[in-house]
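Enquirer: Here's the letter readout for the chains.
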Amino acid sequence: MENLKKILAFILFLAGTVLIILVFTYFNLLVIPEHQFSKYQKEISKISTRDTTINVEADLKILNKKLDQLNKKAERLNPGNAFLVINTTNNTFELFKNNEIIRQGRCSTGSFISLEVDSTKSYLFETPKGVMTVRNKVTDPVWTKPDWAFIEEGLPVPPPGHSSRREANVLGDYALHLGDGYMIHGTLYQRLIGSPVTHGCVRLLDDDLEAVYKTLPIGSKVFIY
Amino acid sequence: MKNILLKYKAGFITIIVVFLILLAFSIVRYIKAMDAVSAAVKEKLEQIPENEINDAGWNIPEIQEKKKEVHWMERHLQLAKSDSLNLGINLADSIVQVQLRGTVLLQAKIQKQIPANFFEDLNYGTYLNFTKIASVIDEQATIVKRPVKRIQAPKNEDEAAKVKHDTIPDPLLVWQFKLDNDVEVVITGIGVNQDSLKAVNYNKDIFNYSTEYFKKNIFPKKYIPTLYIWLNDNDAKALYRAIPENGKVAFRN
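If you read the sequences in order, they're chains A and D.
Numbering-wise (the numbering used here), the first sequence opens with residue 1 and increments by one.
Numbering-wise (the numbering used here), the second sequence opens with residue 1001 and increments by one.
Since the hints were derived computationally from the structure, they do not count as laboratory data.
Be a bit skeptical, because a hint or two may be false.
To be verified - Stretches of chain A that chain D covers, calculated by requiring three or more beta carbons in the stretch to come under 8 Å of a beta carbon on chain D:
1) 61-67
2) 70-76
3) 83-95
4) 156-166
Said to hold, decoys possible - Straight-line distance between alpha carbons at most 20 Å, and here's what the computed SDA-like set of lysine to any residue pairs gives:
5) LYS66/A with LEU1128/D
6) LYS1109/D with VAL31/A
7) LYS1222/D with VAL31/A
8) LYS1145/D with PRO128/A
9) LYS73/A with MET1073/D
10) LYS6/A with GLY1011/D
11) LYS1155/D with ILE151/A
Cβ coordinates follow ideal geometry from the N, Cα and C atoms, glycine included.
Required output: the full structure, derived from the provided sequences and hints.
Expert: See the structure below:
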């Protein structure tokens, strides 16, 4: 009997403690923030008390006209008949024509590797974000290897224009030049498409590359984010 | 029962004392929290011209909706002048989007939003203030913006062959940012398929964020309304990495 009383007392004590903690936690973590927001929203939203009579139809007409003008301005921002959008975080692309997605899939973008040569020199393999323009299109591109391509392989860097810098059949069948040495091209390493493995260029699978090459004329916009 | 209470009097008195202490603490905290709200309201109202608060027609739903649409478009066009990627949070359509020069590059559907009616019934002046183009002034995230991996250039071909490019998967994104229009936004990434969406415990997330807030603000001095948004994690990460530091944000609701 005495033991039972002890157990009962302990249970009561425990239940009381748990209840107090729960109430305290609920009140402080959930009730107070909710009340704060409600009070804030209510007090900054005091509605107009001014008694105004307005002509709803006329006002709506003015607003509709303004909206039309804004929509026309927005249409003028249209990036053109065809453009490409690259997502460098998920390594995906969307090809647009007449404002509709006509093809989407995986691509590869910059690896974000910073190749540290010495304390003063390094190369960051990043695909630049922003809007770029297709400056030139070529078939059967030949890669002119920059210095980092040799440094990365642990090879001595040849002088500019040296024959060892030119390498054919590694960029796929097509390349679209975006300026500053950045290109959209193909790759021998198709299985890596979808991963961030490039030195800053955008790599596509062969079929996707062909579609992009044929859809985007020179001057098309390429949005990279 | 009476016997038990008498016998373990000390224990029960302890419980009551602890209860009273916590109660007193909670009451003081509540008062402080509400004072912080009053101060924030006062500060905000000082920024809003009286003539904008009393806008004729704002209380008529058709006109209000049309005006909201006009302002959203105006903000969109204003942002389009910039060369930077920027964020649009459209609560009316449950969409968060990234845009550049007027072209929407990514639209992510809001899976969940708390509070559900975030600033839905504002007067005109406050609405204009809330939806003005805001800048990110402070941000924190569970992943880095630019995941740079530094590697030393190999000295020869043998060393180059040994270089490994290990990649560690990023954790789910929690991106918390304060804006200069006195709004804080917390974007949380969640799993990508329907099954994982069902498993998301939004209240648990809120509980965790509130616990963090509690630890940092035992007696709150300043109040900033916070909007919690849950997005597909892939989209959330793409948005986070697209928007530059101190990026611009526009709201619509």
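Enquirer: List, from low to high, the hint numbers that the structure doesn't satisfy.
Expert: Structure breaks hints 4, 6.
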